[in-house]
Amino acid sequence: MNLRRYLLKKAVYVVLTVLLISSVNFFIFQVLPGDPTRVLLPKGGGSGNCTGSQTGGTSCSLRDELIAEWGLNQPVVRRYAIYMGNLLQGNLGTSITIRPGAPVTAIIFPVLSTTLVLVGLATIVTMWVGLVLGRISGWRRGSKTDVSITMTTLLGYSMPSFWVSLLLVFLLAFLIPIFPRPIGIKQSPDFFVQTANTLYYYTLPILAFMITNVAWFSLTLRNSLTDVLPEDYMVTAAAKGLNDRQQLRWHALPNARLPVVTASALYFGWVVSGVIVIETVFNINGFGLLTWTATLDQDYPVLSAVFLVATIGVVIANAVADILYMFLDPRVREA
Amino acid sequence: METPVAAPSPDSTSIFRERLLADLSRGKKTMFAILHKKLALAGLLIILVFVFMAILAPVLVGPYQSFLQLSRPMQSPSAAHPLGTDEYGKDILNILIYGSQVSLLIGFIASLVAMVVGTSVGLAAGFYGKVTDQLLSRATDFFLVIPWLPFVLVLVSVLGRGLQTIIFAIAIVSWPTTARVIRSQVLTLKERQFIERARAIGAGNFHIVRKHILPNVMPLVWAEAVLTISSAVFTEAFLSFFGLGPIGIETWGQMVNNAYNQLAILRGMWWYWAPPGIFITLVVLGFAMLGYGIEEILNPALKRGGGVA
Chain A
514 MNLRRYLLKK AVYVVLTVLL ISSVNFFIFQ VLPGDPTRVL LPKGGGSGNC
564 TGSQTGGTSC SLRDELIAEW GLNQPVVRRY AIYMGNLLQG NLGTSITIRP
614 GAPVTAIIFP VLSTTLVLVG LATIVTMWVG LVLGRISGWR RGSKTDVSIT
664 MTTLLGYSMP SFWVSLLLVF LLAFLIPIFP RPIGIKQSPD FFVQTANTLY
714 YYTLPILAFM ITNVAWFSLT LRNSLTDVLP EDYMVTAAAK GLNDRQQLRW
764 HALPNARLPV VTASALYFGW VVSGVIVIET VFNINGFGLL TWTATLDQDY
814 PVLSAVFLVA TIGVVIANAV ADILYMFLDP RVREA
Chain B
246 METPVAAPSP DSTSIFRERL LADLSRGKKT MFAILHKKLA LAGLLIILVF
296 VFMAILAPVL VGPYQSFLQL SRPMQSPSAA HPLGTDEYGK DILNILIYGS
346 QVSLLIGFIA SLVAMVVGTS VGLAAGFYGK VTDQLLSRAT DFFLVIPWLP
396 FVLVLVSVLG RGLQTIIFAI AIVSWPTTAR VIRSQVLTLK ERQFIERARA
446 IGAGNFHIVR KHILPNVMPL VWAEAVLTIS SAVFTEAFLS FFGLGPIGIE
496 TWGQMVNNAY NQLAILRGMW WYWAPPGIFI TLVVLGFAML GYGIEEILNP
546 ALKRGGGVA
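Note that the protein sequences, when read in sequence, are chains A and B. Quick note: to get our numbering, add 513 to the position in the first sequence (first position is 1). Quick note: to get our numbering, add 245 to the position in the second sequence (first position is 1).
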């Protein structure tokens, strides 16, 4: 009953946030001067003055036609309604420079799977390393090991990921060439060879991702362990003769893992940022590289759609983490 | 040793997030508690070095080179050019040193803007409560959930690469954290007796906020301000790396981007791309260290339990 209400509330919240984000997304791009015809038609744009356009071979009428066809001459409210209507039908607009005329969905969705695989692998590695480091430094808090782990992860967190990526490429692909250079994955007709090539190619990007994001998990676990360890039940566990490993596994970790779930929710916001950088530097044709290309080529419909998809993804990931938290925490479940 | 917070109620997701933010910052905080004064001091020293570098740039490396010298592109380090020259024949060390001016300027101003917005929102939400709090907290949550890099890329793409728009974009992604921190501080302050007493002797809302609440949250605002400079410098580096930095000014992020475009990695020109990255990291780390140090020193109560030696 309570659970159902909670889930319902969560769902309503997600829907409202998504609506709000879509609206923000629409209105941000209203600030742009001119209209898409400026980019599309050679010399046809400017501030809508038709006299100078004959030289470019674009007649004033073509521009007017396009403007009428795309509804660009409609008032803002009307265009907002059209935009939301299109959005509900899964139409994210039309690319203007990357692949002029192609629907944005056809550009975004094919590359999304690449990114999901990359992000999935990177998250598993980052989380695993983070939890191991967090456990060590939480258990031995205040020790030299703790200080060096905490310092190193924080240093990684302070380094810009684009720079870490370049550093790794320089060190491990050029100076000591044990990993492939960032020039694209070697193609192979054989599925297994291809998978192996891909994994081999993904090693450096994942490493870069891990270095810059591991602090999310290691620090969170370290601090929640630090909170849990002085508890009375931990003293009891030690008193009844459990060894360190048993104390940690049966008594400390189940209580300390909850903040980590919450950390993963905020971490998703950083994943998007991280993946843009890493795909760009390592030349991986995914969602992140597309974001960069759209920015460089000023393909506003694609940029807008990319922003929308990324933000909705993060909102949903957040909601899932909140619900997961609920299932992991009996206090919340029964409250 | 205090037991951790009581069971959170399921209908306020913000509690979870608040907890996490507290955890993350406490994490860094406790970590700095280990060495805290030493670290705050180290942070301060790093910052001072960069501030002096920014101020004394003309003395250190001569005037800013605004002209190209195509006769000497891409040189290796030498006595005349300790870090070589870039693709336009400009001295890299010169660009690097002058880069500290831009980074610090953007960091300081963006942080100032974010503090004004964040503190006002936090004060209003915490003090007025009810519908005001609901609205402002939802807005804060909303901005907090938007992934920052795509958001600043979109903002700067749309608004143009002016220095002001870049500062504006960075401030927009920076204020929510401060608003959240200030709000929870105000919530606890509001219940204190001296506020009740002020009210009893007839003080108005505005007076209470200005004379009693604000002075008490100011230390926190300072700590947040320093931390925000750190994230602002970080964000600016990303924008510049993506070619959306301020026009006509060479920043560290842009240097890394130029080096990347010039295939400096391939050519083994580490002196081109490595130093700007190290500088970004140092400035980001320096402000973070100082920020946590200040928090620690101003508010020793934050350093609670947990057996940190």
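It is worth saying that the hints were derived from the structure and are not from the lab. Note that the structure is predicted; figures quoted are calculated from it, not measured. Positions of the beta carbon are idealized from the N, C-alpha and C atoms, including for glycine. Possibly wrong hints are sitting among the right ones.
To be verified - Sample of chain A residues at the chain B side, in silico, Cβ under 7 Å:
hint	residue
1	PHE540
2	ILE541
3	SER671
4	LEU681
5	VAL682
6	PHE683
7	LEU684
8	GLY782
9	THR806
10	THR808
11	PHE820
To be verified - Derived lysine-lysine pairs resembling DSS-like cross-links, with alpha carbons at most 30 Å apart:
hint	chain 1	residue 1	chain 2	residue 2
12	B	LYS435	B	LYS375
13	B	LYS375	A	LYS523
14	B	LYS456	A	LYS657
15	A	LYS522	B	LYS375
16	A	LYS657	A	LYS523
Could you tell me which of the numbered hints above are not met by this structure, giving the numbers in increasing order? 1, 4, 7, 9, 14 and 16
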